[in-house]
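Visitor: Chains as they are written, first to last, in the working numbering: chain A, 1 to 358; chain B, 1 to 342.
It is possible that part of the hints are untrue.
[As the list claims (entries may be wrong)] Using 27 angstroms as the maximum straight-line C-alpha spacing, the simulated DSS-like pairs for lysine-lysine come out as follows:
id, chain 1, residue 1, chain 2, residue 2
1, A, K76, A, K285
2, A, K285, B, K28
3, A, K268, A, K328
4, A, K319, A, K266
5, A, K167, A, K79
6, A, K79, A, K135
7, A, K167, A, K113
8, A, K113, B, K161
9, B, K161, A, K203
10, A, K319, A, K268
11, A, K203, A, K319
12, A, K113, A, K243
13, A, K285, B, K161
14, A, K243, B, K82
15, A, K135, A, K113
16, A, K328, A, K76
17, A, K268, A, K135
18, B, K152, A, K268
19, A, K328, A, K79
20, A, K285, A, K268
21, A, K203, A, K268
22, A, K243, A, K268
23, A, K266, A, K285
24, A, K79, A, K203
25, A, K319, B, K152
26, A, K167, A, K285
27, B, K28, B, K82
28, B, K82, A, K268
29, B, K161, A, K79
30, A, K113, B, K28
Source of the hints: derived by calculation from the structure; they are not laboratory data.
Chain by chain, the residues run as shown.
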Amino acid sequence: MMWISRRKAGRASAAARVAVAAATVAILAAACSSGAPGSEDSADGDSSAAAGGGGDVSITFLPKNLGNPYFDTSSKGGKAAVEEIGGEFKEVGPTEATPDAQVSFINTLTQQKVSAIVLSANDPSALCSSLDEAKAAGIKVVTFDSDVDAECRDLFVNQATAEGIAKAQVDLISEQIGDAGEIAVLSATANATNQNAWIDMMKTDLAANHPNITLVDVVYGDDDDQTSFDKTAALLQSHPDLKGIVSPTTVGIAAAARYLQTSDFKGKVKLTGLGTPNDMRDYVKDGTVDAFALWNPEDLGYLSAFAANALVDGTITGKEGDTFTAGKLGEYTVGPDATVLLGEPYVFNADNIDDFDF
Amino acid sequence: MSVGQLLRRRETSILIAIIVLVVVATSKNNGFTFSNDGFRDLMLAPALLVLLAVGQSIVIITRNVDLSVSSVLGIVAFATGKWFIGVPDIPIIVVILLGVLFGALLGAINGLLVTIVSVPSLVITLGTLYIIRGITVTWAGSERINASEMPKPFLALGTAKVGPVPLLALIALAVVVVAAVYMGFARGGRELYAIGSEPEAARLCGLPVARRTFFAFVLSGTLAGLAGVLFAARYATVASNAGTGLELQAVAAAVIGGVAIFGGSGTVAGAALGAVLLATIDRALPILGIPDFWQQAVVGALIIGAIVLDRVLAQRNARRLTSTSVRDHVQPPPALTVGGAR
Numbered sequence: 001m002m003w004i005s006r007r008k009a010g011r012a013s014a015a016a017r018v019a020v021a022a023a024t025v026a027i028l029a030a031a032c033s034s035g036a037p038g039s040e041d042s043a044d045g046d047s048s049a050a051a052g053g054g055g056d057v058s059i060t061f062l063p064k065n066l067g068n069p070y071f072d073t074s075s076k077g078g079k080a081a082v083e084e085i086g087g088e089f090k091e092v093g094p095t096e097a098t099p100d101a102q103v104s105f106i107n108t109l110t111q112q113k114v115s116a117i118v119l120s121a122n123d124p125s126a127l128c129s130s131l132d133e134a135k136a137a138g139i140k141v142v143t144f145d146s147d148v149d150a151e152c153r154d155l156f157v158n159q160a161t162a163e164g165i166a167k168a169q170v171d172l173i174s175e176q177i178g179d180a181g182e183i184a185v186l187s188a189t190a191n192a193t194n195q196n197a198w199i200d201m202m203k204t205d206l207a208a209n210h211p212n213i214t215l216v217d218v219v220y221g222d223d224d225d226q227t228s229f230d231k232t233a234a235l236l237q238s239h240p241d242l243k244g245i246v247s248p249t250t251v252g253i254a255a256a257a258r259y260l261q262t263s264d265f266k267g268k269v270k271l272t273g274l275g276t277p278n279d280m281r282d283y284v285k286d287g288t289v290d291a292f293a294l295w296n297p298e299d300l301g302y303l304s305a306f307a308a309n310a311l312v313d314g315t316i317t318g319k320e321g322d323t324f325t326a327g328k329l330g331e332y333t334v335g336p337d338a339t340v341l342l343g344e345p346y347v348f349n350a351d352n353i354d355d356f357d358f
Numbered sequence: 001m002s003v004g005q006l007l008r009r010r011e012t013s014i015l016i017a018i019i020v021l022v023v024v025a026t027s028k029n030n031g032f033t034f035s036n037d038g039f040r041d042l043m044l045a046p047a048l049l050v051l052l053a054v055g056q057s058i059v060i061i062t063r064n065v066d067l068s069v070s071s072v073l074g075i076v077a078f079a080t081g082k083w084f085i086g087v088p089d090i091p092i093i094v095v096i097l098l099g100v101l102f103g104a105l106l107g108a109i110n111g112l113l114v115t116i117v118s119v120p121s122l123v124i125t126l127g128t129l130y131i132i133r134g135i136t137v138t139w140a141g142s143e144r145i146n147a148s149e150m151p152k153p154f155l156a157l158g159t160a161k162v163g164p165v166p167l168l169a170l171i172a173l174a175v176v177v178v179a180a181v182y183m184g185f186a187r188g189g190r191e192l193y194a195i196g197s198e199p200e201a202a203r204l205c206g207l208p209v210a211r212r213t214f215f216a217f218v219l220s221g222t223l224a225g226l227a228g229v230l231f232a233a234r235y236a237t238v239a240s241n242a243g244t245g246l247e248l249q250a251v252a253a254a255v256i257g258g259v260a261i262f263g264g265s266g267t268v269a270g271a272a273l274g275a276v277l278l279a280t281i282d283r284a285l286p287i288l289g290i291p292d293f294w295q296q297a298v299v300g301a302l303i304i305g306a307i308v309l310d311r312v313l314a315q316r317n318a319r320r321l322t323s324t325s326v327r328d329h330v331q332p333p334p335a336l337t338v339g340g341a342r
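The shape of chain A in the complex, shown without the other chains (with noise of 0.2 angstroms):
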């Protein structure tokens, strides 16, 4: 998803644009928010210490890398439903985040005879072989936050659906205005098809249900902080009656509200889409951002536990309409494409921003 992964590649080049926007589609970096380097092994013992015997489940957490303070989030959801359940947690994982970097990882579990892998893929494909060598050991396979293949894993657990994230930010505008009078969408490239995907949505979602709101415009910011900056200013200065901003996208989030802190409209015209706690602690704090949403990583990790721990115990296979519980998350069912949805995006606000550190 691109709104958020562009960072990863910055722009050195044309070309190297034109492949970050190809490999973007594919892979949903949301997760890689971090260079910070992390260790080879895991933070919770050594990644040697066999487990499995005894019947005692044993769930190992592979995400894209470690030292990112996104997985580090899911982990420690993924830690606290492990040691509900009253298995084993282990956390491996490589330190960059490239697509073949899992695969050792994944055969070292297939060796050790995990219960269950529950990792973020950094390839859809790449990770296939490796992974069905653990499924035919036995070994339950759990996709989050990053898919592969449906064939190469048992269950996916995906963060959200396009309407979910439409509708959430749709829903944050209209509260925080009052739901009438004029908004505008700031968004990333005017190619991107998520992105597009959702402003589509949310206009046919304000036509139906928010007849008093009018979306006056939508600006590319092309995810870079300078032109989303600027664009901001245009925005306000151009739509003289404006009332929201709605930014489905990290970096213009961001960008706007470092616009909107340091202009008589702080505070005056809000601004809401899709960010992450770090980047936006500071506005929310000084008032300039009332809230804004993202998918909860910890319920993420969380979640995903739970749902290998059904696998391993046999309480869902992976088929449509199978259900399970997720501890203090309840009840899920298991939809098409073995997949598990983990639910509406989660509001991020000045009361419960500090929870959060990636």
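Following the hints, position chain B against chain A.
Guide: Using the frame of chain A, we list chain B on its own:
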């Protein structure tokens, strides 16, 4: 300088273009100039580009080009954030100085490569443009420096004002004035023009061509470094792609401002005004209702227009020079003309 000469100067025509643009945009929406934000942005928006354009114009005047400025800006901006994170109580002024020095160092590398290896600067700085950006991308990865990681007083610099004028605009203005005086009156500045007009002749005259060219690159890097620190202060978020594409905007500003792309003529003031014009166009076009997608085309048309204008003026000038000299020195005897008509 007569009024006519003053009017013919490129700086004057750009200034007029800027004023027209501001007046038109303001008549359409008076917030463009007469709101707090509008008035501030009018001066704040061009500040960083002005810094780059001044450095760029000095390099272009020596018949070189420095394409690496955007990458220098990017890496310095990221380094600024990293310094604040790595050394929590680091004084702001130290970070600014470090950033400027870092930029100067990168400029010196460019200068050394250009003068010692004597490969065209277009190639060298195209190389360093990618190399420095590559280093930034590797260093930063997907990490972003965000507002909460830099001290508030530093971020406040981005929009701080002295009286009604933003601090960043004052810094840019000071740089323009110092550079303009140096280029216009100092020996070193005049030598840069001489080098750009005819490098071979400059060498034969005994001018320190390599040293002066090296200095121009160091200056360009220094200003890009300063712009990098200020970028971090103004935008408060820095990722590995910070500043991408600004190198061509800096060249465009210089060209529009009347700096000849083959060196030897033009002024830093012109380049600075070119930068102001570009930034003002960016801000004005949305207000005039011109769609996003056309804005770049307008900038392109402006660049071509400026170059065609240069060419036409240069040719007319050359014609006038030749024709006056013919008239002055070779006066044909009238009788011969009459006789020749038969």
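Visitor: Please go over all the hints and tell whether each is borne out by the structure.
Guide: How the hints compare with the structure:
1. K76/A with K285/A: OK: K76/A and K285/A at ~25 angstroms, within 27 angstroms.
2. K285/A with K28/B: Violated, because 36 angstroms separates the two Cα atoms, which is more than 27 angstroms.
3. K268/A with K328/A: Roughly 38 angstroms between the alpha carbons, so the hint for K268/A and K328/A is violated.
4. K319/A with K266/A: 50 angstroms, violated
5. K167/A with K79/A: 31 angstroms, violated
6. K79/A with K135/A: Holds, at roughly 22 angstroms.
7. K167/A with K113/A: 42 angstroms, violated
8. K113/A with K161/B: 64 angstroms, violated
9. K161/B with K203/A: 40 angstroms, violated
10. K319/A with K268/A: 49 angstroms, violated
11. K203/A with K319/A: 34 angstroms, violated
12. K113/A with K243/A: 57 angstroms, violated
13. K285/A with K161/B: Holds. K285/A to K161/B sits at ~24 angstroms (cutoff 27 angstroms).
14. K243/A with K82/B: 36 angstroms, violated
15. K135/A with K113/A: 10 angstroms, holds
16. K328/A with K76/A: The hint holds at about 15 angstroms.
17. K268/A with K135/A: Distance ~55 angstroms between K268/A and K135/A Cα, so the pair is violated.
18. K152/B with K268/A: 22 angstroms, holds
19. K328/A with K79/A: 14 angstroms, holds
20. K285/A with K268/A: 16 angstroms, holds
21. K203/A with K268/A: With a Cα-Cα distance of about 23 angstroms, the restraint between K203/A and K268/A holds, given a limit of 27 angstroms.
22. K243/A with K268/A: 7 angstroms, holds
23. K266/A with K285/A: 13 angstroms, holds
24. K79/A with K203/A: Answer violated: K79/A to K203/A is near 40 angstroms, above 27 angstroms.
25. K319/A with K152/B: 53 angstroms, violated
26. K167/A with K285/A: Roughly 25 angstroms between the alpha carbons, so the hint for K167/A and K285/A holds.
27. K28/B with K82/B: 43 angstroms, violated
28. K82/B with K268/A: Roughly 33 angstroms separates the two Cα atoms, so the pair is violated.
29. K161/B with K79/A: At roughly 50 angstroms apart (the allowed maximum being 27 angstroms), K79/A and K161/B break the hint.
30. K113/A with K28/B: Judged against 27 angstroms, a Cα distance of about 71 angstroms means the pair is violated.
When each numbered hint is compared with the structure, violations occur for hints 2, 3, 4, 5, 7, 8, 9, 10, 11, 12, 14, 17, 24, 25, 27, 28, 29 and 30.
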